[in-house]
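K.L.:
Could you put the whole structure together from the sequences, leaning on the hints where they help?
For what it's worth, UniProt numbering labels the leading residue of the sequence shown as 1, then goes sequentially.
Any given hint could be a false lead.
[As the list claims (entries may be wrong)] Quick list of the computed label-pair ranges, beta carbon to beta carbon:
hint, residue 1, residue 2, range
1, 109, 4, 36 to 42 Å
2, 19, 82, 27 to 33 Å
3, 115, 53, 22 to 28 Å
4, 114, 17, 27 to 33 Å
5, 122, 18, 29 to 35 Å
6, 37, 99, 18 to 24 Å
Please keep in mind that the hints were generated in silico from the structure rather than gathered at the bench.
Remember, predicted model here, so these are calculated numbers, not experimental data.
The beta carbon of each residue, even a glycine, is placed where N, CA and C say it ideally should be.
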Amino acid sequence: MGDAPKRPTRKLYIPVKEFPNVCFMGLILGPRGNHHKRMERDTLCKIRIRGKGSLREGSRGKDQQRDLDDDKDDMHVWVEGPSEAHVQQAVDMIEPLLNPESAKIDELKEKHQTELAEINGTTRTE
Numbered sequence: 001m002g003d004a005p006k007r008p009t010r011k012l013y014i015p016v017k018e019f020p021n022v023c024f025m026g027l028i029l030g031p032r033g034n035h036h037k038r039m040e041r042d043t044l045c046k047i048r049i050r051g052k053g054s055l056r057e058g059s060r061g062k063d064q065q066r067d068l069d070d071d072k073d074d075m076h077v078w079v080e081g082p083s084e085a086h087v088q089q090a091v092d093m094i095e096p097l098l099n100p101e102s103a104k105i106d107e108l109k110e111k112h113q114t115e116l117a118e119i120n121g122t123t124r125t126e
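P.N.:
Have a look at this one:
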């Protein structure tokens with residue numbers, strides 16, 4: 001009985017200490033988690049936000065087998081995929097979201113607001 005081959009993973013630290021006023025979880029998840037789901041679907045990777053501050057107080061989250069060490073680590077995005085190329089594709093999508101000074105952030109926030117308005121049925125027609 002051999003062990004299943006390990007899937008490639010990557011850990012990207014979220015700069016919450018450097019940018020305490022930025023809601024990185026909101027940028028990564030998007031309205032109703034749609035941005036997160038889209039990234040997972042497009043890259044075929046599991047993308048998880050882990051570490052201090054990633055869960056509400058008293059919550060264990062869906063991933064019950066999660067390492068308790070993750071709770072002690074700084075907040076990070078954990079990516080696991082079927083191949084190194086898939087993981088790199090996910091990393092390339094996530095890294096710009098971890099730089100609040102990136103031009104992509106404003107564009108993404110606007111897209112998230114539009115998407116949320118559509119979900120809530122409050123889009124404006126001009």
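K.L.:
Please flag the earlier hints that this structure goes against, numbers listed from lowest up.
P.N.:
Failing hints: none at all.
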